[in-house]
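As a plain string of letters, each chain reads:
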Amino acid sequence: DQQVKQNSPSLSVQEGRISILNCDYTNSMFDYFLWYKKYPAEGPTFLISISSIKDKNEDGRFTVFLNKSAKHLSLHIVPSQPGDSAVYFCAAKTNAGKSTFGDGTTLTVKP
Amino acid sequence: KAGVTQTPRYLIKTRGQQVTLSCSPISGHRSVSWYQQTPGQGLQFLFEYFSETQRNKGNFPGRFSGRQFSNSRSEMNVSTLELGDSALYLCASSAGHLNTGELFFGEGSRLTVL
Numbered sequence: 003d004q005q006v007k008q009n010s011p012s013l014s015v016q017e018g019r020i021s022i023l024n025c026d027y028t029n030s031m032f033d034y035f036l037w038y039k040k041y042p043a044e045g046p047t048f049l050i051s052i053s054s055i056k057d058k059n060e061d062g063r064f065t066v067f068l069n070k071s072a073k074h075l076s077l078h079i080v081p082s083q084p085g086d087s088a089v090y091f092c093a094a095k096t097n098a099g100k101s102t103f104g105d106g107t108t109l110t111v112k113p
Numbered sequence: 318k319a320g321v322t323q324t325p326r327y328l329i330k331t332r333g334q335q336v337t338l339s340c341s342p343i344s345g346h347r348s349v350s351w352y353q354q355t356p357g358q359g360l361q362f363l364f365e366y367f368s369e370t371q372r373n374k375g376n377f378p379g380r381f382s383g384r385q386f387s388n389s390r391s392e393m394n395v396s397t398l399e400l401g402d403s404a405l406y407l408c409a410s411s412a413g414h415l416n417t418g419e420l421f422f423g424e425g426s427r428l429t430v431l
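Chains A and B supply the protein sequences, listed in that same order. The opening residue of the first sequence carries number 3 in the working numbering; numbering runs sequentially from there. The opening residue of the second sequence carries number 318 in the working numbering; numbering runs sequentially from there.
Same shape as in the complex, but just chain A (with noise of 0.2 Å):
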């Protein structure tokens, strides 16, 4: 059972758009949820958060929005730079402080 699911294995969007990526989950004891970017060769790194009592978050050019009626969440680039090609990761932390990781979508941003 996937408790968090990243639906769309790719995205590739044109320099200057939106990049949209989305992520559902099943599992309502979830209490924070993040995404986390990564290059190859790399490890994960952090890049924003929301509480679940929150519906947006908002850090510079990155915004998170919660839908918890729904359980989905959705990561805002705007406006995407090529740099911001990397895979993307959404993840969901319990109060016991277990995170469960999506599959992961690879962001290309066209230049």
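Keep in mind the hints are simulated off the structure, nothing from the lab. Positions of the beta carbon are idealized from the N, C-alpha and C atoms, including for glycine.
Computed spacing ranges between beta-carbons, pair by pair: (1) Ser-403/B / Gly-18/A: 36 to 44 Å; (2) Tyr-41/A / Arg-390/B: 24 to 32 Å; (3) Leu-400/B / Pro-42/A: 18 to 26 Å; (4) Ala-98/A / Leu-431/B: 33 to 41 Å; (5) Ala-43/A / Asn-388/B: 22 to 30 Å; (6) Glu-44/A / Thr-429/B: 14 to 22 Å; (7) Gly-357/B / Pro-113/A: 25 to 33 Å; (8) Thr-417/B / Lys-7/A: 20 to 28 Å; (9) Arg-332/B / Ser-14/A: 34 to 42 Å.
Dock chain B against chain A, hints included.
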């Protein structure tokens, strides 16, 4: 502040052998988690250690084990290696408090089983 360090970075083993991977967390971090990444499978949670105790465990067979030392450094061991164990093994550390859960990852140990 030094990041998470994993050793070795690359290793090749044959079926039936065993392997030990090491992880040094960020100074002051007491929680260490291990993940397995295979192509198309995302990051699969192996286990988490906090103050030398296993706090969480994923759905991996008993061939996968780990431990944490008093200085928070952690090791994971895989015995009787199978071809399917070929993967990138990632270690992540965190302060361990019940907070946002932000994890700091190392660069990983890439294991190839022949």
